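Novice: Add chain C to chain U, keeping to what the hints say.
Protein sequences appear in the order of chains U and C.
Convert by adding 15 to the 1-based position in the first sequence; the result is the number in this note's numbering.
Convert by adding 1 to the 1-based position in the second sequence; the result is the number in this note's numbering.
Everything labelled a hint here was simulated from the structure, so no lab data went into it.
One or more of the hints may lead you astray.
Pair by pair, the computed Cβ-Cβ distance ranges are [unchecked claim]:
| id | chain 1 | residue 1 | chain 2 | residue 2 | range |
| --- | --- | --- | --- | --- | --- |
| 1 | C | V64 | U | A134 | 31 to 41 Å |
| 2 | U | Q407 | C | V64 | 18 to 28 Å |
| 3 | U | M452 | C | V64 | 21 to 31 Å |
Listed below are several chain U residues computed to face chain C (Cβ distance under 8 Å; list not exhaustive) [as the list claims (entries may be wrong)]:
| id | residue |
| --- | --- |
| 4 | M293 |
| 5 | G336 |
| 6 | Y444 |
| 7 | R445 |
| 8 | V448 |
Dumping the calculated DSBU-like pairs for lysine-lysine here, alpha-carbon to alpha-carbon at most 30 Å [to be verified]:
| id | chain 1 | residue 1 | chain 2 | residue 2 |
| --- | --- | --- | --- | --- |
| 9 | U | K441 | C | K85 |
| 10 | C | K22 | U | K261 |
| 11 | U | K256 | C | K19 |
| 12 | U | K41 | C | K85 |
| 13 | C | K85 | U | K230 |
| 14 | U | K261 | U | K450 |
| 15 | U | K256 | C | K85 |
| 16 | C | K22 | U | K328 |
| 17 | C | K76 | U | K261 |
| 18 | U | K441 | C | K22 |
| 19 | C | K22 | U | K19 |
| 20 | C | K19 | U | K435 |
| 21 | C | K85 | U | K17 |
| 22 | C | K76 | U | K450 |
| 23 | U | K256 | C | K22 |
| 24 | C | K85 | U | K450 |
| 25 | C | K76 | U | K328 |
| 26 | C | K76 | U | K230 |
| 27 | U | K450 | C | K19 |
| 28 | C | K76 | U | K441 |
| 29 | U | K450 | C | K22 |
Computed from a prediction, not measured in an experiment: that's the story for all the values here.
All C-beta atoms in this analysis are idealised placements derived from N, C-alpha and C, irrespective of residue type, glycine included.
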Amino acid sequence: MKKKRLLLISPRATFFGRNPAHQRFKRECREFQFFDYTWTGFAAGLIIVGSLTPPHYDIQYIDENIEPIDFDADADLVALTGMTAQADRMYEIAAEFRARGVPVVAGGLHANLIPEDVARHVDAVCVGEAEALWPEVIHDFEHGQLKPVYRQTAMAALGEAPRPAYELARQRYYPSIWIETSRGCPHLCRFCAATIRYRPKLGHKPVDKVIEEVKYVRERWDNPYILFSDDNFVVDRERTKELLTKLVPLGIKWSGQSDVSFHKDEEILDLMHASGCMMMLIGFESVSVDTLTGIDERNWKLKSLAQYVEATKIIQDHGIGVYGAFTLGLDTDTTASFQETAEFVMKHYLAGIQVSCVTPFPGTPLRADMEREGRVLDRPWSNYTVFDSVFQPKNMTPEELEAGALSVYQAFYKREFSLKKTRHFKDIYRRLVRKEMAQETARNTALATTGRSMV
Amino acid sequence: MTATIDPTFELIRNVICKVTKLPPEAVLLENPVTGLQNVDSIVLLEIVARVEVSLDVSIDEQVLFEIQTVGDFVKVCQELVAAKGADKGASGGAVADGAR
Numbered sequence: 016m017k018k019k020r021l022l023l024i025s026p027r028a029t030f031f032g033r034n035p036a037h038q039r040f041k042r043e044c045r046e047f048q049f050f051d052y053t054w055t056g057f058a059a060g061l062i063i064v065g066s067l068t069p070p071h072y073d074i075q076y077i078d079e080n081i082e083p084i085d086f087d088a089d090a091d092l093v094a095l096t097g098m099t100a101q102a103d104r105m106y107e108i109a110a111e112f113r114a115r116g117v118p119v120v121a122g123g124l125h126a127n128l129i130p131e132d133v134a135r136h137v138d139a140v141c142v143g144e145a146e147a148l149w150p151e152v153i154h155d156f157e158h159g160q161l162k163p164v165y166r167q168t169a170m171a172a173l174g175e176a177p178r179p180a181y182e183l184a185r186q187r188y189y190p191s192i193w194i195e196t197s198r199g200c201p202h203l204c205r206f207c208a209a210t211i212r213y214r215p216k217l218g219h220k221p222v223d224k225v226i227e228e229v230k231y232v233r234e235r236w237d238n239p240y241i242l243f244s245d246d247n248f249v250v251d252r253e254r255t256k257e258l259l260t261k262l263v264p265l266g267i268k269w270s271g272q273s274d275v276s277f278h279k280d281e282e283i284l285d286l287m288h289a290s291g292c293m294m295m296l297i298g299f300e301s302v303s304v305d306t307l308t309g310i311d312e313r314n315w316k317l318k319s320l321a322q323y324v325e326a327t328k329i330i331q332d333h334g335i336g337v338y339g340a341f342t343l344g345l346d347t348d349t350t351a352s353f354q355e356t357a358e359f360v361m362k363h364y365l366a367g368i369q370v371s372c373v374t375p376f377p378g379t380p381l382r383a384d385m386e387r388e389g390r391v392l393d394r395p396w397s398n399y400t401v402f403d404s405v406f407q408p409k410n411m412t413p414e415e416l417e418a419g420a421l422s423v424y425q426a427f428y429k430r431e432f433s434l435k436k437t438r439h440f441k442d443i444y445r446r447l448v449r450k451e452m453a454q455e456t457a458r459n460t461a462l463a464t465t466g467r468s469m470v
Numbered sequence: 002m003t004a005t006i007d008p009t010f011e012l013i014r015n016v017i018c019k020v021t022k023l024p025p026e027a028v029l030l031e032n033p034v035t036g037l038q039n040v041d042s043i044v045l046l047e048i049v050a051r052v053e054v055s056l057d058v059s060i061d062e063q064v065l066f067e068i069q070t071v072g073d074f075v076k077v078c079q080e081l082v083a084a085k086g087a088d089k090g091a092s093g094g095a096v097a098d099g100a101r
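Here chain C stands alone, though its shape is the one from the complex:
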């Protein structure tokens, strides 16, 4: 049986892997975002910007500063996507964008 991966997590993981060149298996929900290999503050902002553009959301900076783990990041994005009422359509297409 294949485990289902949350599409927002998949998109974020794809973006992190694209930017940092980390293998997907190295990106886990419990990873601290500032502790990811090859991620400094500027790299982190590139990741955030790519995710925002792909999901067509904007993360408030105050909220961004509270994010500790990849899981927190996924949760914030899920809430924003849900709030704009485009969860279904946006995430499916966005995965491909983020992976490019």
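Isolated chain U, as found in the complex:
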């Protein structure tokens, strides 16, 4: 029997500002060249869909940022994913395949945010987690009964889900390989689209399952740099410690995302360094008391503000770079906020920064507020990069917001500061290397004198 052919497609998009100033900066700033390296990965949702597809399908994964789409290729079903910045292209791709009689299913963040809008462009929309929906989609497709919308009714059990089909993305060059160990975040920030739509409650994969996935990836890529793509890697401390302890012998390099709360836990910090953690992206969001007030339901980020400086120092002294994420342009921000942010990230030697413009993603409370106030600009979805301004800020123009956010990058990645930052991190690493060598010497001495290795 001829296998059915499923195309999994991630549409192309710009993952930094589309405006000319951002593009010029990305092209010309040598110190910024690691941006793509650090944050480029495959479309994780499609890799999960691949793992949930029965074996009588021939699956092809296509990342349009890497390879072109052949619309005339043999295909029985197309699955598209995408963030809002990819939506316009997602609709174009859907139109091409549907014109050829190939049904198209869409999922991913944008489809979850405004399924009604997406439904006008595709045959079926998946609202929720792939694990809970895709088997039903496949069943209905095979019976010629695709429904316009599939909605999740219960949270997916991550422990029971099959291993994502990482092998689908293997032939392409991805600087980092994304592995998910948990899904969801306890903080419900007003502007965050992901946690609002995907999962109201945190879900974990069992630690041994994660370790098996890391080993699987390690066998298929040469020395992969792994990005644990969890919304918040360090929520359950005990589980995190167990996971880190089991990562140590694997000898990988990895990055993750979290809030700052783990900085007080010496054991986690040591385990992170020992297990190869190079960088943690931490959502600071703002250094302003006014802006952080009410940014999340429990005011957790505001309460953490006083700890930012201490947290950054402690985390980085353990050899883990802090990649600070800031969101500018909220109603309490003024044009002075850019300078304040730049001063903070430089004074405390953050390893890297992500400075984005507040973006009223469809479906978020922020969007509802801004629509009510008539402040959402008429911009295509492709401008929802989080680096382009798509709304009218209260205390500045949209152009000032874009330029102001970029000005923080320009200050941070200036050669003079890069030199200072390099010296700062070199000192940290030299200290850690000396400490590691001294420990090794002590171990060797003990082994030589007692014949027993120290524990």
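Specialist: Frame of chain U, contents of chain C only:
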């Protein structure tokens, strides 16, 4: 006949291999330092710090930014080692340190 490998290059290669898990044959003098597999800015700094500690030298940050290839890195280190007048003694012992 066995080709002689420069001890500073050997040390640097050992450090790069230890940090990145690359096989020694993948580290060549002509490799661009920012293009090595698995090397981002933080990983690069770890490599530099390990080499500095092993050779007991300190590379000026301005010089570090001018380094394009592994060969450039080796040359800068050779010059620093020579300048401190400890070339012979330091490199031999340092190779073992860097390889650990």
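Novice: Taking only the CA atoms, is the gap from C:K19 to U:K435 under or equal to 30 Å?
Specialist: Between C:K19 and U:K435 the Cα gap is close to 26 Å, so the pair holds against 30 Å.
Novice: Are the Cα positions of U:K256 and C:K85 separated by 30 Å at most?
Specialist: Judged against 30 Å, a Cα distance of about 44 Å means the pair is violated.
Novice: Is the straight-line distance between the alpha-carbon of U:K441 and that of C:K85 30 Å or less?
Specialist: Status holds; Cα separation ~20 Å.
Novice: Can you confirm whether the C-alpha distance between U:K441 and C:K22 stays at or below 30 Å?
Specialist: With a Cα-Cα distance of about 21 Å, the restraint between U:K441 and C:K22 holds, given a limit of 30 Å.
Novice: Compare the distance between the alpha carbons of U:K256 and C:K22 with 30 Å, and conclude whether the hinted pair is satisfied.
Specialist: Satisfied, since the Cα-Cα distance of roughly 24 Å is no more than 30 Å.
Novice: Hey, U:K450 versus C:K19, does the alpha-carbon distance stay inside 30 Å?
Specialist: Cα-Cα ~17 Å, so holds.
Novice: Check whether the Cα positions of C:K22 and U:K19 lie no farther apart than 30 Å.
Specialist: violated, 40 Å
Novice: Please verify whether U:K256 and C:K19 have alpha carbons no more than 30 Å apart.
Specialist: Judged against 30 Å, a Cα distance of about 25 Å means the pair holds.
Novice: So if I understand the rule, the pair passes when the alpha-carbon distance is 30 Å or less; does C:K85 with U:K17 pass?
Specialist: violated, 72 Å
Novice: C:K22 and U:K328 were given as a pair; does the straight-line alpha-carbon distance stay at or below 30 Å?
Specialist: Given that 30 Å is the threshold and the Cα spacing comes to 28 Å, the pair holds.
Novice: Measure nothing beyond the straight line between the CA atoms of C:K85 and U:K230; if it is 30 Å or shorter, mark the hint as holding.
Specialist: violated, 44 Å
Novice: Taking 31 to 41 Å as the stated bounds, is the beta-carbon spacing between C:V64 and U:A134 within them?
Specialist: violated, 58 Å
When held up to the earlier numbered hints, the structure conflicts with 1, 2, 12, 13, 15, 17, 19, 21, 25 and 26 and fits the remainder.
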